[in-house]
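A.B. asks: Spelled out, the chains give:
Number of protein chains: 2
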Amino acid sequence: MADRILLAHGSGGKLMHDLIRQSFVTTLGNPILEKLDDSAVFDLKGRLAFTTDSYVVSPIFFPGGDIGRLAVCGTVNDLSMTGARPLYLSLSFIIEEGLLLADLEKIVNSIGEAAAEAGVKIVTGDTKVVDKGSADRLFINTSGVGVVPEGIDISGANARPGDKIIVSGTLGDHGIAVLSQREGLRFQVPVPSDCAPLNTMVAEMLATGAEIHCLRDPTRGGLATTLNEFAQQSRVGIRLDELSLPVEPAVLGACELLGFDPLYVANEGKLVAVVAPGDTDRVLAAIRQNRYGRKAVVIGQVVGEHPGRVVLKTRLGASRIVDVLVGELLPRIC
Amino acid sequence: MADRILLAHGSGGKLMHDLIRQSFVTTLGNPILEKLDDSAVFDLKGRLAFTTDSYVVSPIFFPGGDIGRLAVCGTVNDLSMTGARPLYLSLSFIIEEGLLLADLEKIVNSIGEAAAEAGVKIVTGDTKVVDKGSADRLFINTSGVGVVPEGIDISGANARPGDKIIVSGTLGDHGIAVLSQREGLRFQVPVPSDCAPLNTMVAEMLATGAEIHCLRDPTRGGLATTLNEFAQQSRVGIRLDELSLPVEPAVLGACELLGFDPLYVANEGKLVAVVAPGDTDRVLAAIRQNRYGRKAVVIGQVVGEHPGRVVLKTRLGASRIVDVLVGELLPRIC
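Going line by line, the protein sequences match chains C and H.
Residues 1 to 334 in the working numbering are what the first sequence lists, from first letter to last.
Residues 1001 to 1334 in the working numbering are what the second sequence lists, from first letter to last.
Source of the hints: derived by calculation from the structure; they are not laboratory data.
Treat the hints with care, since some could be wrong.
Residues of chain C clear of chain H, computed beta-carbon distances all greater than 10 angstroms [as the list claims (entries may be wrong)]:
id: 1; residue: Lys-35
id: 2; residue: Phe-42
id: 3; residue: Thr-124
id: 4; residue: Asp-126
id: 5; residue: Val-129
id: 6; residue: Asp-131
id: 7; residue: Gly-146
id: 8; residue: Gly-151
id: 9; residue: Pro-190
id: 10; residue: Arg-239
id: 11; residue: Asp-241
Simulated coverage check for chain C against chain H, where a stretch passes if three residues somewhere in it have a Cβ under 8 angstroms from a Cβ of chain H [stated by the list, open to error]:
id: 12; region: 5-14
id: 13; region: 76-87
id: 14; region: 154-162
id: 15; region: 267-276
Beta carbons: idealized from backbone N, C-alpha and C, even for Gly.
Looking at chain C on its own, in the form it has when it is part of the complex:
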């Protein structure tokens, strides 16, 4: 049983200390984490951004990523979407007894790689182990803090009529990647998750000096849910052009097969930006220069009519309301 996680790994005792020092600190270490006090302590100046997410994706390994990469990218992205520069993450594991140590090791490595890519440090953590059957392999919570640069005010409540809506790439890749792995589906063209940290992209967008009003990463509930949130928070209408929506043919095929609408399928490496109309081109150019934004496009605009509602102009020229998700589409996608 030495190759598996035991309840004693979560006891606060010797096995837990060994696991933390030999695996987590070795892979993720930095001077703040290595102090191993009850809290990390560090200097920060300015307006702080603070966010949290628990990750329960099933399976924990999927094409294009794993729960570790997802846990870093998701929280980095939540910080970035307020315009903040992500700096420090916490890392908390809930492990089901019996998890292979080799699997945990792979995930810790993946966390280390994603944190290095995003330029963030893991500074504090926690490890709990629950008895077999009381969790499903591994859940991870990451919380994060970052600093919002002077003069930045980005919020879902800031959209104004006339603003353009940009999406940074194709829709639905993450949801379809996880689902296909879970259900053992094989498509002709495999769909990898888009899971990626977007903080560099956001920094490059902000560096243009453009008026960026809203940013959000359309994860659970997909683009449709994010746009409905903007419409409600800002009390504006949103018009989308179906023909402009970027979807990979393989994702579109999978969605048609499974009866999903890609507007509602989760993304983990995409952002939606609401931008002042005169600044659209330079924001779009900045996004497209980033490795994760090559396929960015304008997909619609903010209007004064039908406040709180998102309306799609279909490829046949008709209009239909795009509502928030009702019920459950794809459980445990993140």
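We have chain C already, so just place chain H on it with the hints.
C.D. replies: Just chain H, lined up with the frame of chain C:
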């Protein structure tokens, strides 16, 4: 099924938005949380403390508290143990499908009460729902940020020979309370958990101006584990006097019955302080004036001999090494 949590409550869609707005925001609301953006944004100055903990206690309701109160107090205490003033918490739920909404409501209320008592605000959150059998009712992660006042340097690495060791009250109450609830044990005198926020106590201790070198709350692994951590981090020896250790008779009785050593049983409303010898009396007086510190006592001292080891002088005058916990004593106690 309308009285239970469904998978759709975690979908990012309508049910989730309704749950967040109608339950969480109504009970826990404040202007920062109510913005409902991807991150909370607020001003902070100075040295920041940042910590995280996931709570998996079973059962979720126990004498003297529940998982909600525990999740607030535990994280408030981890911040306090670096001398920080706790300010803001994040709150992330992993809910098993089928949890009674009434139970969730009770726990959210309990979170609100504990946060009010500790004077902290819940500013950001996350809700995930997993399918029945993939979690055990409810897990909660709270992370927290606070500010460390100028001139404070408290760390497990700061103990020096000659320092006195104070514990703020009786040992093992939380562990025995949870265990008795879980196993359906009935003792003549019921044992409630000591689960409590200690930030006010720490502020009162710091206000004395005393030289406080280390602070820690002895949770999982109990007092023995905390003192071993201090001994190793500070490379000093620690001597304990068994006769001075405060344990409630009911807890002692339960421990004897069950074969536990109260030195290893978890506490959730106690702290251990390592204090310069000349300042012991005023720190002790400050702790005793706090409602959660009436039974505070000096239990031992830091020595230059046997660095890295904790040695107990037993009531018979013998000495024995108090090692870190090996194996698992009480799983899922926090």
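A.B. asks: All hints, please: hold or fail.
C.D. replies: Now the hints, each set against the structure:
1. Lys-35: Not fine: 6 angstroms to the nearest Cβ puts C/Lys-35 too close to chain H.
2. Phe-42: Answer for C/Phe-42: violated, closest chain H Cβ roughly 6 angstroms.
3. Thr-124: 5 angstroms, violated
4. Asp-126: 5 angstroms, violated
5. Val-129: Nearest chain H Cβ is 7 angstroms from C/Val-129, so the label is violated.
6. Asp-131: At about 6 angstroms from chain H, C/Asp-131 fails to clear the 10 angstroms cut-off, so the statement is violated.
7. Gly-146: 8 angstroms, violated
8. Gly-151: The claim holds: C/Gly-151 sits with its nearest Cβ about 13 angstroms from chain H, beyond 10 angstroms.
9. Pro-190: 25 angstroms, holds
10. Arg-239: For C/Arg-239, whose nearest Cβ neighbour in chain H is about 21 angstroms away, the distance exceeds 10 angstroms, so it holds.
11. Asp-241: 23 angstroms, holds
12. 5-14: holds (count 8)
13. 76-87: holds (count 6)
14. 154-162: holds (count 3)
15. 267-276: It is violated, with 0 qualifying residues against the three required.
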